[in-house]
Amino acid sequence: MVFLGQFPALTGATMNIRQGEVVLIKGPNGAGKSTLLRLCAGLLPMRSGIGTVLDFDLRTQRMELRAHIGLLGHRTGLYPDLTVSENLKFWASAYGANDIEVDKAMAFFGLNDRLGSVQVQNLSEGQRRRTSFALLLIKRPSIWLLDEPYAGLDSNGRELVNSSILQASELGTTVLIASHEIDKIGSTQERTLFVKGGRIVSDSDQDSEG
Amino acid sequence: MFRDAWLVTKKDLLIELRSRILINQIAPYTLLILVLFGFALDADTETLRDTGPGLFWVSTLLVAILAIQRSVDVETSDSAIDRLMLSGISPTSIYVGKTIGLYLQLIVLEALLFTVMVVLFDMSVVDYPLVIVSAVVTTLAISSSGTLYGVIASGLGVRETLLPVLFLPVLAPAVIGATRAFGDAFGRVNADGWAWLGLLSVIAIVYTLVGMLTYGNIIEDT
Chain D
287 MVFLGQFPAL TGATMNIRQG EVVLIKGPNG AGKSTLLRLC AGLLPMRSGI GTVLDFDLRT
347 QRMELRAHIG LLGHRTGLYP DLTVSENLKF WASAYGANDI EVDKAMAFFG LNDRLGSVQV
407 QNLSEGQRRR TSFALLLIKR PSIWLLDEPY AGLDSNGREL VNSSILQASE LGTTVLIASH
467 EIDKIGSTQE RTLFVKGGRI VSDSDQDSEG
Chain E
159 MFRDAWLVTK KDLLIELRSR ILINQIAPYT LLILVLFGFA LDADTETLRD TGPGLFWVST
219 LLVAILAIQR SVDVETSDSA IDRLMLSGIS PTSIYVGKTI GLYLQLIVLE ALLFTVMVVL
279 FDMSVVDYPL VIVSAVVTTL AISSSGTLYG VIASGLGVRE TLLPVLFLPV LAPAVIGATR
339 AFGDAFGRVN ADGWAWLGLL SVIAIVYTLV GMLTYGNIIE DT
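Listed in order, the protein sequences are those of chains D and E.
Under our numbering, the first residue of the first sequence carries the number 287, and numbering increases by one thereafter.
Under our numbering, the first residue of the second sequence carries the number 159, and numbering increases by one thereafter.
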C-alpha cells in the first residue's frame, strides 16, 4: 500500500515481472499508474506489503535500488537554464558515462550540434522528451520506467522511442510504460497491466495463462 | 563523496552563469536594501557607522533567502531532484555540493555589499583578518542551514512564506555573533570579536553536520 499524503494511491498491486519484459500499464487518470512506477523506482515508501525490484527490498533498500533505475516522468528532470549538451554532460558525469556515450545518445535521438547548444527552456516539448530519452541511453539502467513517454512527440520521435525500447528490451532491460496513447510496442515479450482505483485489475500474462 | 559534491556545485554555478539571476536580480536588490537603510537612518554617518555591521548581516540574510529559494527552485521546478536521487549520488554529496554552490554565491554578494557599505557609510576597517574570517564562517552557517531549511520549506509547499519564518530564527545567534565580530573589526563596539568568532565557528560546524546527517531523510519526505 502506498499513500500520497493521506490518500491511498496504490492499494492492491500484485505482479511479477521478468527481466526483459515490456509491460504496458494502462488505466484511467488517477488510477495509480504513476504511483506504481514511482514505487518501482524506489521514490515512494511502501506503507504495507512486500516488494522486491532487482533483488532490492522496496522497504529497506530503496536507496541502493535507485542507481539501477531510469525514470522518465511527466516532467523531464532537466535544468532549463543549461543547454542540451550541458545537461547531458552533467548527468553523464553523475552516471559515470563518457563523452562518446553522450555523442551516441544525442545522435540516436537526433539531437544534433545545433540543438546541443540550445538551452532546454527554448526547446519544444518533443525535443525535451528526446533529451530525456538520450539520458536513459547514457545511464543504461536495468529497468526503464516510462510515464506517458509519447507526450509531445511527433511520429518520428515515437518511432525512435519505440526503437530504443525494443533495443533495450533485447539487451535484457525491463521496460514499464504507463501510457494512454499506445496499445502495442511490438516486442515479443510484451504484456499489459490494467490499473484502476489503485489496484491492478487485469494482467494479460495471467489472463492468457488462465 | 567530494567528486560528486563538486559536480553538483559546478552545475549550480553554471546554471547561475547562464541565468544571471544573481547578477541581474539579487545583486541590485542587495544594494537597494543598503541604500534604503541609509535613507531610513538619515544621513547621520555616525549612526550609519555604528549600525553598519548589523545592517550588513541583516541585508545578507534577506538576500540569502532569495538565493536559497533559487537554489531549491533549480532542483524542483522540473523535478530534477528525482533524477538526482536516482543518479546514485548520495544525499550527503548533494547537500555538500549545493551548500558550497550557495556559499560561493553568497560570498560574491557579501563582497559587493561590503564594498558598497564601506564607501557609502564612509567606514574604515581596523581588523581585516577578523572581517574576512568572520564572513567566511558566518556564510558557512547561513549556506549550510539555508540549504537544509530550503528543502524543508519546499516540501511543505509554501516555500516563499515559510522559509523566512523557519530560517531567520535559526540564524539569529549567528547574526548576533557576526554583528559583534564585525563591530569589533570596524572599531565600533567594545567587544572581543575573536571570541564571538569562536561561537560562530561552533554554530557553523553544528549546522553543517546536522545538514549532512539529515538532508537525506528530509528529501525522502519532500
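Everything labelled a hint here was simulated from the structure, so no lab data went into it.
We put the CB at the ideal spot given by N, CA and C, even for glycine.
Keep in mind that the hints are not guaranteed to be accurate.
[Said to hold, decoys possible] Simulated restraints on C-beta separations: (1) E/Val360 x D/Ile336: 44 to 52 Å; (2) E/Gly345 x D/Asp385: 48 to 56 Å; (3) E/Val266 x D/Thr338: 21 to 29 Å; (4) D/Gln347 x E/Ser237: 44 to 52 Å; (5) E/Asn348 x D/Asn408: 25 to 33 Å; (6) D/Arg400 x E/Thr250: 32 to 40 Å; (7) E/Leu326 x D/Gly458: 51 to 59 Å; (8) E/Val328 x D/Pro331: 45 to 53 Å.
[Said to hold, decoys possible] Computed footprint of chain D on chain E, listed as stretches where at least three residues anywhere in the stretch have a Cβ under 8 Å from a Cβ of chain D: (9) 169-183; (10) 226-236; (11) 245-255.
Comparing the hints with the structure gives:
1. E/Val360 x D/Ile336: 44 to 52 Å: For D/Ile336 against E/Val360, whose Cβ atoms are near 46 Å apart, the range 44 to 52 Å holds.
2. E/Gly345 x D/Asp385: 48 to 56 Å: Taking Cβ atoms as reference, E/Gly345 and D/Asp385 lie about 55 Å apart, which means the hint holds.
3. E/Val266 x D/Thr338: 21 to 29 Å: Violated: the Cβ-Cβ distance is about 48 Å, outside 21 to 29 Å.
4. D/Gln347 x E/Ser237: 44 to 52 Å: Violated, since D/Gln347 and E/Ser237 (Cβ atoms, about 23 Å apart) do not stay within the stated range.
5. E/Asn348 x D/Asn408: 25 to 33 Å: 57 Å, violated
6. D/Arg400 x E/Thr250: 32 to 40 Å: Holds - the Cβ-Cβ distance for D/Arg400 and E/Thr250, about 39 Å, lies within 32 to 40 Å.
7. E/Leu326 x D/Gly458: 51 to 59 Å: 53 Å, holds
8. E/Val328 x D/Pro331: 45 to 53 Å: 27 Å, violated
9. 169-183: n = 5 at 8 Å, threshold three: holds.
10. 226-236: holds (count 3)
11. 245-255: Coverage by chain D holds here, the residue count being 3 at a Cβ distance below 8 Å.
Taken one by one, the earlier hints fail for this structure at numbers 3, 4, 5, 8, listed in ascending order.
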